[in-house]
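Colleague: Line by line, the protein sequences give chains S and B.
The opening position of the first sequence corresponds to residue 201 in my numbering, with each subsequent residue numbered one higher.
The opening position of the second sequence corresponds to residue 505 in my numbering, with each subsequent residue numbered one higher.
Where hints are given, some of them may not hold.
Stated by the list, open to error - Cross-link-like lysine to aspartate or glutamate pairs, in silico, EDC-like; alpha carbons within 20 angstroms at most:
| no. | chain 1 | residue 1 | chain 2 | residue 2 |
| --- | --- | --- | --- | --- |
| 1 | B | K507 | S | D244 |
| 2 | B | K700 | S | D244 |
| 3 | B | K507 | B | D549 |
| 4 | B | K622 | B | D636 |
What the hints assert, rightly or not - Stretches of chain B that chain S covers, calculated by requiring three or more beta carbons in the stretch to come under 8 angstroms of a beta carbon on chain S:
| no. | stretch |
| --- | --- |
| 5 | 521 to 535 |
| 6 | 601 to 610 |
| 7 | 762 to 768 |
| 8 | 780 to 794 |
Simulated from the structure, these hints should not be mistaken for lab results.
By construction, the Cβ of each residue, glycine as well, lies at the ideal position given by its N, Cα and C atoms.
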Amino acid sequence: MISYWPLIGVAVVIAGFAIRLNPVLVVVVAGLTSGLSAGIAPGDLLALLGKAFVDSRTLMLIAMPLPVVGVLERAGLREHATAWILGFARLTLARLLIAYLALRQLLSMFGLIHVAGHAQTVRPLLAPMSEATATRMLGPLDDETRDRVRALAAATDNVGVFFGEDVFVAFGAVLLIQRFYDAKGIHLSPTEIAWWALPTAIAAFVIHAARIAVFQLRLERRFARARRERTDG
Amino acid sequence: MLKLVHVFYVLGALFAGAAILNLRDRRWALAGVWTLIAVPMLLGDAMLAAAQAGTRWPLQAMGLGVIALGVLAQLARARPPDDDRARAAARQATVARLGNRLFIPALAIPLLTFALVKGAPYLRLGGSALIDLAVPTQIALIAFGTACLVALIVALRLTRTPPFHALGESRRLIDTIGWALILPMTLAALGSVFDKAGVGAAIADLVSAVIPTDSRFACLLVYALGLVVLTAILGNAFAAFPILMSGIGLPLLIARHGAHPAALGALGMLTGYCGTLLTPMAANFNIVPSRLLELRDPYAVIRVQWPTALVMIAANIALLSLFAFG
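My request is simple: use the sequences and hints to build the entire structure.
Modeller: Spelled out as structure tokens, the structure:
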């Protein structure tokens, strides 16, 4: 008989996020509730938490580019990225982001996942470039629009890396699938599995590129309307 | 030989430095947070080795540290952004002097990572491999860490920045990200508790109790949506995949309805990824960047990407029903 008590932990997560407690606190409380309600002894639970924490150190590699990025920002990298991208007179926000999406997908198809990312490319380069291009197209951005443009840049990086992964080079996910099947007596080669990621990769590019184009179109309409209202008033 | 643990030592030094600078500014909670991150970076291998040898208290102490992180994260106040204008003139001067050369260190990270990954089997230093090849999945991480360090040296020389300032600048960015930076590791700890407590199994059991097993499409739908929901709860498709696969994929879709395993596995995993786009539990992708880009709403990235995720779910289900039974 399977026990449903550990599901309390899931409820804690959902409730905690809903009432907007600090997510780290929510996660810790959820872990404790779930573990204790499953009957794990407190000493074992502490060791389990500690071991999982130590085992997941690679996640902190996201901080590795921060020193370079910090030094370059102090030297004016963001300002220079802005000036540089404005040199491309015909570039639009949508063209910039779609080009980045294509590049990110292609690179990660060949297993080059860590070459770009939120710390090393989005914050110092893609976000200021997107903002600058949008400002040239539309005029000064309000805080709300500026945040949405930056968020779209981050989302584009996510979509690119997620749906490019594992097409030509068998990496994490494909190997996990292969090992899973292997243990159950179904034997497949990694490339046999990896190829099936290609249709999704193409779909992701088309869908997200279309969303970027729509995002830009809506911004243009809104700013044009605001300009008309200003001149009429 | 460069090993992954050396990259961890660099990160440990970075967080220890950030902790000391915060201590000096009497920002106790943040100083505590960065100290608790520096510990597993510097001593993690020793803790794991001790546990192997039967001494559990270091890991248990780390477990207490994780609980303390939850409390400290609630207490730590976000750092107000620095006054940008104060240094604007200095920045303009370096930009005027360096121009496009400023891009060199930024581009050095991807190019060097690529070169080191591809060159890893051939690069040698003093009779042994330059990069530890023992664990294939770690090669890219070691290459990335090395590339970041080399790029830092290039950046310091190019901009003539005193090395000590690198720590101050890193600390500025680390503090800007704040609690979001520790969320991914805390979530990984939660994931392993969920796993041990049988949360995934309980969900799979609930799901399979309501599923109409005779309908091929209903099974497929539950498999796909189950992957999305469980990934959103666990924050990671890798954790959700084996649960849904053993619960529904293997017994119902493959054994009973004759689905194609390769297509079912690959497309299923990618459907799970759509769940990753929807959830704050995937903090590295969704929460860290909104702090990193100084957005006012921590969920801003999820807000712009959920429509893409929903359409992708529909597209994946269509692809699954097209190819899984082909």
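Colleague: Hints first: check each against the structure and report whether it holds.
Modeller: Checked hints:
| no. | hint | verdict |
| --- | --- | --- |
| 1 | K507(B) - D244(S) | violated (30 angstroms) |
| 2 | K700(B) - D244(S) | holds (11 angstroms) |
| 3 | K507(B) - D549(B) | holds (12 angstroms) |
| 4 | K622(B) - D636(B) | holds (13 angstroms) |
| 5 | 521 to 535 | violated (count 0) |
| 6 | 601 to 610 | holds (count 7) |
| 7 | 762 to 768 | holds (count 3) |
| 8 | 780 to 794 | holds (count 12) |
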